[in-house]
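Start from chain A and add chain B according to the hints.
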Amino acid sequence: MSENSPLLLMKGIVKQFPGVRALDGVDLEVLPGEVHCLLGQNGAGKSTLIKTLAGAHQPDEGTITLGGEPVRLSSPIAAIRLGISTIYQELDLVEGLSVAENVFLGHEPARLGFVGQREANRATRALLERLGHGEIRPTTQVGRLSPAARQVVSMARALSHDTRLIIMDEPSAALAHDEVGNLFRIIRELTAQGVAVVYISHRLEEIRQIGDRVTVLKDGRTVAVGLPAGDTPTRQIVSLMTGRNVEHVFPPRRGGPATGEEVLRVEGLTVPGVFADVSFAVRAGEIVGLAGLVGSGRSEIIEAVYGARRFSGRVVVEGRPVRRGGTAGAVRLGMGLAPEERKAQALLLDQSVTRNISLASLGRYSRFGWLDRRREAEDARALVETLDIRPPDPDRPVKTLSGGNQQKAVLARWLLNGRKLLLLDEPTRGVDVGARAELYAVIRRLAEEGVGVLLVSSEVPEVLGLADRVLVIREGTIIHEADAGDLDEHRVLDMIMEGSAL
Amino acid sequence: MTDPQGQAAASPAEAVESPMESAQGPVGAAGSPMESAQGPVGAAGSPVESAQGPVEAVKPSADERGRGEASGHRHAGAPGWPARLGEVPHLGLVAALALLAVVGLVTVPDTFATGSNLVSILALAATIGVITVGATFVIIGGGIDLSVGAVMALASVWATTLATQSYGPLVMIVCAVLVGAGAGLVNGWLIAYGRLVPFIATLAMLVAARGLAQRMSDRKTQLVQQGNEMIVELSTTRLLGLPLLVYVFALVVVAGWVVLNRTTFGRRTYAVGGNPEAARLAGIDVRRHTVWLYALSGLCCGIAAVLIMARTTTGSSTHGDLYELDAIAAVIIGGTLLTGGRGSIVGSILGLLIFTVITNLFILNGLNTSDQLIAKGLIIVVAVLLQRRSLRSST
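From first to last, the protein sequence lines stand for chains A and B. The first sequence runs 1 to 502 under this note's numbering. The second sequence runs 1 to 395 under this note's numbering.
Here chain B stands alone, though its shape is the one from the complex:
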């Protein structure tokens, strides 16, 4: 085994932690032994005092110490500039993305950095991106959703049947979203109350939803009818140079980030994924939360279905084939633990962008798509290896 300290600066994920320590280093070197030297005194101190006045025994001594160490804490909490740079999350992912951009600029300077190419990258990323947001929630919550691509296909087919289309574009959108959320609810219910392993429940949904989509569409590609072009306009209408669906994607990402980081739902998601037993004993209804997580993932699939209808002007049972793998890969590359309890939306989206840019570069360079798959596989392995190393150093 190599020396864990020697690795400290190497991996990006570690860089988040190590500056914290190095920031405390100078303070801690002098400070922490002091604290621990005082520690036991105080520790034994309060009970002795409590012999006289039990109610106040803990408080006064603690207050004193609290004040004394508060200043020390502020030092530790305000690291210098270089250290703060290391705290920037996802530095490694951003660096990888920048590296890919450089590769693009060098190999295909005429086509890569054009506005139209960047727009096509974002449009390509939007559909899986929306799914990835939902998948991030499920995976942080300790689960997995294999059915995302199939559910998206089912939603797109259901929304483009002639019967649905006769009600107009808004109903089509609502239909797609409801079908997605409904499939997610079924997943969640089977997992939370039917006690199926997430892998199995969503695998069953993958197969069944794909089959149902084939049945409903009779394996035919269903075109968005005349009069419902509003859906297609999501992809053709541009605002500030970007198609509307990119804004939908951005909106979903922002909403996902807010829910995950600023709401009780997000907080509970981390708790349920990190330690379900602790969450349960803290009074959180873990099963109900699990149902909502999969419903949320399904909802995202429904939104993604709207986007794919807009891009392709069709609903089809073949849409979204293997999207589940791309979404899960993006989430993993983004640093979310498959075991749950840790992860971030921003990481997932960066992971997805890395994937999309690679696809784009291969196409622009006229390279074999098989090589592209090999490159993607390598990236997953490298990302997980880096993650594992950072995990080891932080425990």
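Chain A on its own, in the form it takes in the complex:
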């Protein structure tokens, strides 16, 4: 195999599902030792393509060539045997088993049917050291590890096979900024050893940092093959993904300091061991952003304000105090929460869009407990149209929607309920660029209508672009507060990582 002959070559891949042509002639070419980025909106076919590569789906048409040989990836095991490992977005580790047991799950070193645990531990330690994480002990239970450490374990598992190609589906989604740096270091070491990486992420800046080449998918087709990751203009990539240019992603601010009534006042809020003595206020019509790393206490602050977590201190909504540990009270006071884990914490996945939207407002449709389902359906349909939830079918199970549309359904739930204060925790996680812009517009419109918004995001540009005022939080303390216009990304990153307030 010569230097430039591709390790993986997919040609004309077609995958048909009932009613949907998920892949409609996709081409992909990955060279040995490169980081090949896969871009595309939700629903463009990325997941299906990954699953095809992982052997979980069989393509209906097309050819796959690995190292010059035509192959059939008939099952996940077949793919692994051929040297293709996949790290899924939702990490598939068994929490009750140890690190080593997870790494060698399914291919335990065994002698006469007895697992060679010592050997597995030794091999796992070697793998973890190769990944620069010798401090993770092979005997620790995975359930006790942080998300970042679990990521490393997943990677060790991928490497425990004789791997030529690793597919990473949004590996940075669960990671904080500094942890992403470590992920990149590991990826670079792997590629230096000739392993190729297919890297999927929604974060363009990451792709610039780590990627070599980019393939863009749109509507199940390849629209660009092998663009240079470093110097293809963002505008070009976005327009390839969406079919048009995006000039202004963020809606404009109203300008001037917020003058609305104070809807939320937080005084001396403390959850021992997580954050301490946090005080701030949110006015009607104002978007306040909390910028900080994962683990800085941002999400926990939001949960405490919502009454979902015990706290000390005072949380007051329009003059009325929030009771500790009762979300029903928070909802009664006019709060709404779009939690971080949309699927696990917000949605009834099996149920229709309508039922998800009305969940927090059932009282308004009931008379002596009897539901007025016609009015419920009318209101849900109106919201589906207003927020442009696609497909515009309120009876569809919410699990069939893309991430962005699911998030819109969550926002619709609180729109229906006429909220005074919305708490948004990572509202655009896992949402593609085009749908993000729409979500931003919706959030801004809510503020225009007089809702106070408290926004948490890992992405500093998002906080700076969307919020009116920004609170910078580090290790459970607010270290800086300023109008978003007076801050720039580098300064905020400096503060949340170094703690230098100036």
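Note that these hints are calculated values from the structure, not bench results. Even for Gly, the Cβ is constructed at its ideal location relative to N, Cα and C.
Partial list, computed: chain A residues near chain B (C-beta under 8 Å):
1) Thr327
2) Ala328
3) Val331
4) Leu337
5) Pro339
6) Ala344
7) Leu348
8) Asp350
9) Arg355
10) Leu359
11) Ala360
12) Leu362
13) Arg413
For chain B alone, coordinates are given in the frame of chain A:
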């Protein structure tokens, strides 16, 4: 693994979903790529517009698109006749029931299709049927209630003590219902606020209620006394050929269906069972709801106790032995997920009828009751296998 598409028409539960897709198929084949092709344009469109007028940015474009696609939706929502047939829920269960009826007509033509036999099937189904309604609520709500049979026995014993009987039949009925609901409240409180796993809390109740019933009755069967025959008349008096207790059963089923499908309580039950965290964060008091679910199950046990007193003219600590297994089996056969969040009353009742008809057929054919148990076990396995397949295809 077999091809998921190939299975589409095979299982009844899938048939509910696949016609939806095939109905959209022709429209979707041309329509959905179009939509998604327009999608990003619109997606990126609104923020650009919002640069000029943020307030109206989302609305006008959305309205336009909404109107444009509304017609498309109507097409998708009105599938043809054959597809609609597939949407009939529980088609598989009805088919299974029909098959059993055919077996009955062929093997015991003289006895099976007689009025008296059908009445006895319904009367037999009524007691567990009422319990099954309560169990359906608990299981959709993400729990399990193992104590139903024991609680029913306790209620029947409590209502037939000489002390209770001296107050007359109405007080006996109220007593049975209150004892059932009270035991359910204890279950619910232990699970919701005591944080016991439902399996364990209701297992403890099963054992304890059975013991208490034995103590109260001194392990003797307590007869319904003279003067309280009104209770027995529930089973002997007939209206339009059916004993009154069948109407009680029907009433409980209808009430259960209405509560589950038409009220906020039912809606919250699905939410609490499907995703308790989402329900909690949407402002639903999950714990309080859990208490009510078990109380409801207990209430059903109390009603069932009245029915068993009517049928057997006794209260006894041995009533309802293993009813919990029959009720849970019926619920599962009916397509309700043991993990909660999905299920239906109609399915459960069909599941129960299947069970009851099998029992009846075995008796009429003079077959071994052990074989009957084997047949029931097989049915549970087959039903769950079909369910699992439909689950896999829909995710």
